[in-house]
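Trainee: The primary structure of each chain is shown beneath.
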Amino acid sequence: MRPIQNENTPSTLSSPVTGDPVIEIHHLKKSFGKQEVLKDISLKLMNGENLVVLGKSGSGKSVLIKCIVGLLKSDGGKIIVFNQDINTLNRTELGNMRQKIGFLFQSGALYDSMTVKQNLEFPLRRMKKNLSELEIKEKINEVLENIGLADALHKMPSQLSGGMRKRISLARTIVVDPMIMLYDEPTTGLDPITSDEISLLINEVQKKYKTSSVIITHDIKCARNTANRIVMLKDGEAYMEGTLTDFQNSTDTFIKSFFD
Amino acid sequence: MKKYHPVIKVKGFATSQSVKLSEKTIAKTEKAGNFLTEIADVFLFILQIIREIFSRDFEFKEFFRQCFQVGYKSLPLVSVTGAIMGLVLTIQSRPVLVDFGAVTMLPGMVAISLIREMGPVITALICAGKIGSGMGAELGSMKVTEQIDAMEVSSTNPMRFLVVTRVLAATLMIPLLILYADALGILGCWVGANIKGDVSFALFFSQAFAHVHFMDLFPAVIKSFFFGAVIGLVGCYKGYNAGRGTESVGVAANSAVVLASLLVIIVDMIAVQITDMLL
Numbered sequence: 016m017r018p019i020q021n022e023n024t025p026s027t028l029s030s031p032v033t034g035d036p037v038i039e040i041h042h043l044k045k046s047f048g049k050q051e052v053l054k055d056i057s058l059k060l061m062n063g064e065n066l067v068v069l070g071k072s073g074s075g076k077s078v079l080i081k082c083i084v085g086l087l088k089s090d091g092g093k094i095i096v097f098n099q100d101i102n103t104l105n106r107t108e109l110g111n112m113r114q115k116i117g118f119l120f121q122s123g124a125l126y127d128s129m130t131v132k133q134n135l136e137f138p139l140r141r142m143k144k145n146l147s148e149l150e151i152k153e154k155i156n157e158v159l160e161n162i163g164l165a166d167a168l169h170k171m172p173s174q175l176s177g178g179m180r181k182r183i184s185l186a187r188t189i190v191v192d193p194m195i196m197l198y199d200e201p202t203t204g205l206d207p208i209t210s211d212e213i214s215l216l217i218n219e220v221q222k223k224y225k226t227s228s229v230i231i232t233h234d235i236k237c238a239r240n241t242a243n244r245i246v247m248l249k250d251g252e253a254y255m256e257g258t259l260t261d262f263q264n265s266t267d268t269f270i271k272s273f274f275d
Numbered sequence: 012m013k014k015y016h017p018v019i020k021v022k023g024f025a026t027s028q029s030v031k032l033s034e035k036t037i038a039k040t041e042k043a044g045n046f047l048t049e050i051a052d053v054f055l056f057i058l059q060i061i062r063e064i065f066s067r068d069f070e071f072k073e074f075f076r077q078c079f080q081v082g083y084k085s086l087p088l089v090s091v092t093g094a095i096m097g098l099v100l101t102i103q104s105r106p107v108l109v110d111f112g113a114v115t116m117l118p119g120m121v122a123i124s125l126i127r128e129m130g131p132v133i134t135a136l137i138c139a140g141k142i143g144s145g146m147g148a149e150l151g152s153m154k155v156t157e158q159i160d161a162m163e164v165s166s167t168n169p170m171r172f173l174v175v176t177r178v179l180a181a182t183l184m185i186p187l188l189i190l191y192a193d194a195l196g197i198l199g200c201w202v203g204a205n206i207k208g209d210v211s212f213a214l215f216f217s218q219a220f221a222h223v224h225f226m227d228l229f230p231a232v233i234k235s236f237f238f239g240a241v242i243g244l245v246g247c248y249k250g251y252n253a254g255r256g257t258e259s260v261g262v263a264a265n266s267a268v269v270l271a272s273l274l275v276i277i278v279d280m281i282a283v284q285i286t287d288m289l290l
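As you go down the protein sequences, you meet chains A and B in turn.
Each residue of the first sequence is one higher than the last, beginning at 16 in my numbering.
Each residue of the second sequence is one higher than the last, beginning at 12 in my numbering.
Treat each hint with caution, since some may be false.
[To be verified] Some chain A residues flagged as far from chain B (calculated, every beta-carbon gap over 12 Å): (1) SER77; (2) THR103; (3) ARG106; (4) SER128; (5) GLY178; (6) MET179; (7) ASP199; (8) LYS223; (9) ASP267.
[What the hints assert, rightly or not] Sample of chain A residues facing chain B (criterion: CB under 8 Å; computed from the structure): (10) LEU58; (11) LEU86; (12) PHE120; (13) ALA124; (14) PHE137; (15) ARG141.
[To be verified] Derived lysine to any residue pairs resembling SDA-like cross-links, with alpha carbons at most 25 Å apart: (16) B:LYS84 <-> A:MET129; (17) A:LYS236 <-> A:LEU58; (18) A:LYS115 <-> B:GLU70; (19) A:LYS152 <-> B:GLU70.
By construction, these hints were calculated from the structure, which means they are not laboratory data.
Even for Gly, the Cβ is constructed at its ideal location relative to N, Cα and C.
Produce the entire structure from the sequences given, and follow the hints as far as they go.
Mentor: Have a look at this one:
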């Protein structure tokens with residue numbers, strides 16, 4: 016593994032990326048019963064960019080990316096991914112769209128009843144139906160080597176540590192070569208060293224697989240290590256948007272309380 | 012302009028008691044609304060399963076895996092239950108039949124009661140405990156740990172992959188388990204008959220099956236398919252619709268067993284009534 020960069024040194028990635036937007040969100044609204052979780056969110060994810068979405072617990076960060084991937088249906092607004100409105104797609108079209116989007120769940124969401132190998136084979140066999148057995152095997156070995164867990168192939172998820180589960184989960188997501196990665200709290204529940212390793216992996220995935228990523232987190236260190244651009248959510252709305260430097264230089268009390 | 016005055020001053024009537032009563036009414040209305048919503052959800056769940064059964068991409072591999080899980084993995088439990096059922100029934104019935112001098116009726120009586128009622132119901136209740144709770148807990152924990160969502164984003168229909176395969180496996184395997192339990196029950200009866208008497212294997216079975224007709228077996232097999240479907244449906248519904256916390260897994264498993272057992276008894280009652288009307 017590459018050495019993890021110092022906490023106090025801002026990421027070399029921390030510069031805005033200009034390109035075509037791969038995700039455009041316009042006036043997104045989502046409520047659960049009477050609770051309005053997302054009030055009016057508009058944002059864009061540019062091609063090749065790492066966009067970090069920061070916010071307190073319960074500010075609607077996870078709901079936002081679940082709406083992007085169609086796990087939750089928004090109540091209002093538009094989510095345009097690769098020029099297609101997610102809300103207007105039928106099940107088959109949504110399935111095809113999801114092949115371009117990787118989703119790393121907060122809990123890892125590895126299938127408990129399957130080995131690591133079977134976990135990696137599962138999306139591969141369903142999304143890349145034209146691959147031969149040899150190609151599947153090679154692909155699995157390649158991603159496991161990339162995440163540094165080549166020896167975990169025949170282990171069950173229950174035999175893995177929290178960090179290993181996150182890595183395997185990341186491997187399962189990237190094995191199908193997604194164009195967009197959505198990370199839901201990738202470093203939550205991990206020790207600082209493992210958190211840094213996961214942040215590093217996120218950057219490596221971005222470089223190697225040329226992905227654009229939305230990283231949901233409340234871990235400032237992870238945001239520092241991975242962000243090209245940051246959006247802060249507060250009370251279901253985009254409170255501030257900018258680069259890491261903008262946030263660090265902000266005099267706003269709420270932003271300062273987050274970054275200090 | 013004409014002015015209207017209220018005939019009764021309502022404000023004066025709004026006592027604390029009337030406020031409490033109205034709160035109770037609201038709570039009861041909400042409860043009734045939730046109950047009706049749940050019934051509608053169950054109905055939609057069943058409709059979705061039926062639609063997915065006839066879809067093109069049926070998950071055969073997962074279906075056979077579930078048949079193995081539901082059928083083969085339940086064999087030890089069903090074997091013990093079935094054999095003990097026959098044995099106990101024989102030991103309990105024998106003294107009464109001896110008093111009436113009808114001990115030769117013992118194999119036939121036990122065989123009929125096992126095939127018609129005891130075998131299907133007791134095996135179904137055992138399966139509701141093992142299979143229903145297993146499905147509720149497994150799908151519930153998959154829901155809590157976002158595994159179902161992960162399946163969804165992997166372009167896999169979780170309803171088709173997880174629910175349809177389990178419901179169909181339970182519907183097909185539980186009748187087979189029931190027939191197997193019936194057979195072992197009759198074998199247990201033979202062992203029971205030999206504890207205090209001496210009857211050969213051939214004589215016992217010729218006496219047992221002399222009283223059993225096709226129409227004893229047929230309705231029992233038909234209702235056992237319904238038992239299987241109910242157990243699979245309830246287990247999957249409770250698990251698939253579990254809440255988000257870890258506590259929900261326990262609730263899903265527990266309520267799956269309770270509801271499936273209750274529904275098995277209700278389905279049995281309906282089946283007995285229908286059989287009685289038709290035969």
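Trainee: Against the structure, test the hints numbered earlier, and report the numbers of the ones violated in rising order.
Mentor: 1, 3, 4, 7, 10
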